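Q: Generate coordinates for the entire structure from the input sequences, incorporating the hints supplied.
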Amino acid sequence: MEFNYTIERGNFSGAGVASSNIKKVLKQLNVDNALIKRVVIALYEAEINVVAHAWEGQIHVRIKPHAIEMVIADKGPGIPDIDRAMQEGYSTASPEVRAMGFGAGMGLPNIRKNCDELNIESKINVGTTVTMIIHL
Amino acid sequence: MEGEAFYHALKITEAACTGCTHCMHVCPTSALRIRNGKAVLNEAACIDCGVCLKSCPQRAIIVEQDDFNKIFQFKYRVILIPTVLMGQFPEEVTEEQIFSELHNMGFHYVMEVDKATGIIADETREYMKKNAHLKPFISSSCPAIVRLIQVRFPSLIKHIIRLKQVMDTAAIYARKKFIDQGIPEADIGVFFVTQCAAKIAAIKSPVGEDRSSVDGVVNMDFMYNKILLALKKNKDKAVVPVPEQYHLPPESINWTLTGGEASHYDGRCLCIDEIHNVIEILEKLENDELPEIDFLELRACDHSCAGGVLTANNRFLTIERLHKRIDIYRKNNYVTVNKMPLYRDFLHDQIQLTGEIHPRSIEKLDENRLVAMEKMQKITRILEVLPRIDCGACGAPSCEALAKDIVQGKAKLDQCIFRQKILTENGQITPKESTELLAKIWGKDKLNKNKKDKE
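Chain order of the listed sequences is A and B.
Heads up, the final residue of the first sequence is numbered 148 in our numbering, and it's a clean run with no missing numbers.
Heads up, the final residue of the second sequence is numbered 546 in our numbering, and it's a clean run with no missing numbers.
Calculated directly from the structure, the hints in this document are not laboratory data.
On a predicted model such as this, the values are computed, not experimentally measured, just so you know.
The C-beta atom is built at its ideal place from N, Cα and C for all residues, glycine as well.
Take the hints with a grain of salt, since some may be wrong.
[Claimed, not checked] With a straight-line cut-off of 30 Å between C-alpha atoms, the simulated DSS-like cross-links for lysine-lysine are: (1) Lys375(B) - Lys249(B); (2) Lys36(A) - Lys537(B); (3) Lys267(B) - Lys49(A).
[Said to hold, decoys possible] With beta-carbon atoms standing in for the labels, derived distance ranges: (4) His72(A) - Pro382(B): 48 to 58 Å; (5) Ile480(B) - Val29(A): 16 to 26 Å; (6) Glu14(A) - Leu361(B): 33 to 43 Å; (7) Ala135(B) - Gly101(A): 45 to 55 Å.
A: If you want it as structure tokens, here you go:
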């Protein structure tokens with residue numbers, strides 16, 4: 013099963029639609045609650061990252077019999093130093109974004125904590141593709 | 092739990108039901124369908140919130156109650172009344188009169204159930220301190236909310252405070268008090284005047300405990316009429332004072348109104364009334380989208396218990412009267428008690444929930460994930476051919492609900508009137524067959540009526 017969503021830059025209030033929708037699907041599939049929570053957190057954090065940093069983005073979720081694969085691809089500034097971005101508390105968020113309560117530098121670390129597999133590919137001034145896999 | 096029977100006080104009177112779909116469209120758990128021209132309830136999904144009853148223009152949905160004469164099976168009779176009952180009456184009717192008339196009806200002891208809120212508040216504070224890791228805490232006061240969480244948000248069950256209902260606490264207290272006075276336990280009957288159907292469900296099939304301490308219920312609208320009638324009849328007689336009349340502290344009077352419970356606790360508390368509002372917040376909580384919250388006071392009815400389905404008075408007038416009651420108590424400096432100090436330790440042990448609050452998800456399509464996945468794919472395909480206008484003409488509240496019913500073997504695709512049009516035009520079914528399909532959902536009468544009109 014596949015689901016697609018579009019993410020708008022700067023639209024924090026619109027974020028969470030994808031994770032909320034996927035949660036509803038997983039509840040119907042009788043997926044364990046703790047696992048649903050991991051999916052929701054990872055997806056929401058990834059969505060917020062695009063809203064906060066990129067110009068636009070797409071979410072593509074595939075629910076397979078034994079795994080959930082989530083690909084978040086954005087057009088944006090890219091991540092210059094992925095290793096540093098993975099550190100807790102490291103953030104390049106703008107003051108505006110921080111003023112809204114985001115950009116604490118916990119996004120990617122939180123995603124890593126909740127995924128079984130994580131792959132990040134990024135090109136400066138082109139965009140970033142985050143692939144998250146959670147095993148069912 | 093599969094196959095478990097659920098007691099529901101809400102009943103659909105078949106003779107009165109016209110299958111108008113109002114209830115079906117508002118039910119927060121999609122528990123209603125129309126079959127043969129009548130609303131049919133899915134017992135496993137119903138949470139006793141009463142939204143259907145409020146929406147029914149035919150008054151075809153009723154709340155079943157015990158035969159009032161059941162009280163006389165007991166030699167010593169206690170009646171527990173919520174403060175909301177006081178709020179039903181116009182100001183001319185005094186509290187003394189209400190207490191007195193309840194005695195005239197055959198009750199030996201009248202107790203305001205909200206007297207037990209003092210001890211519940213203390214116990215809740217203690218519970219929250221001990222179980223800090225289970226934050227945010229969800230109040231267990233509203234039985235419809237507990238059931239909503241069981242069927243739609245099972246992942247949040249752990250946040251429900253594991254203490255008994257206020258009415259059970261009051262019942263345990265009253266029973267113990269009279270046992271200690273030498274009255275045999277079997278002779279004591281404790282009854283509760285209920286403002287809603289959910290409390291009846293909580294008494295007849297309690298969650299998290301084996302049996303309720305309340306022996307029976309009297310519906311509030313019934314009791315309201317009974318008291319008013321008695322007052323009319325006895326209007327020339329002097330009010331006989333009753334020994335147990337006492338005054339409730341303002342915070343106990345307020346308990347069942349929105350914010351009344353949460354005002355007892357420190358930290359961040361949200362107070363949410365009306366079931367759809369509650370669902371909105373539980374969705375957010377489940378998504379981890381809420382900031383750090385300590386306590387959630389959640390009630391199924393609009394304006395909390397003042398808006399209960401069995402109330403007779405307008406909820407805003409009820410609230411006004413209760414606020415006035417608080418003002419009067421404050422002005423007169425009435426001495427108030429709500430802690431039950433003599434029974435404190437006894438009650439502490441008695442009011443802990445010992446049983447499980449079972450998850451019973453109505454969302455999952457199948458126990459087996461792979462089967463559920465197949466079903467969901469089928470639902471997606473079915474939805475592609477449905478009109479997505481949620482008209483309800485198929486007897487289900489939405490196209491999505493029909494699609495789910497189809498994969499669960501509870502409905503057929505040709506129940507959709509759009510599908511029937513297409514099938515008829517393609518010559519796959521005759522117009523007569525299409526009419527027969529409609530008759531199965533809406534009953535023959537509705538289709539006959541149209542014929543008569545033409546004649």
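Q: Please check whether glutamate 14(A) and leucine 361(B) have a Cβ separation lying inside 33 to 43 Å.
A: Given a distance of about 36 Å, which is inside 33 to 43 Å, the answer is holds.
Q: Starting from the range 45 to 55 Å, see whether the pair alanine 135(B) and glycine 101(A) falls in it by beta-carbon distance.
A: About 48 Å separates the Cβ atoms of alanine 135(B) and glycine 101(A), which means 45 to 55 Å holds.
Q: For histidine 72(A) and proline 382(B), compare the CB-CB distance with the range 48 to 58 Å and indicate the outcome.
A: 30 Å, violated
Q: Straight-line Cα separation of lysine 36(A) and lysine 537(B) no greater than 30 Å?
A: This hinted pair is violated, its Cα atoms lying about 37 Å apart.
Q: For the pair supplied as a hint, lysine 267(B) and lysine 49(A), confirm whether the alpha-carbon distance does not exceed 30 Å.
A: 45 Å, violated
Q: Hey, lysine 375(B) versus lysine 249(B), does the alpha-carbon distance stay inside 30 Å?
A: 16 Å, holds
Q: Quick check: does the Cβ-Cβ distance between isoleucine 480(B) and valine 29(A) fall within 16 to 26 Å?
A: The hinted range 16 to 26 Å holds for isoleucine 480(B) and valine 29(A), with Cβ atoms some 22 Å apart.
Of the hints listed earlier, those the structure fails to meet are numbers 2, 3, 4, in rising order.
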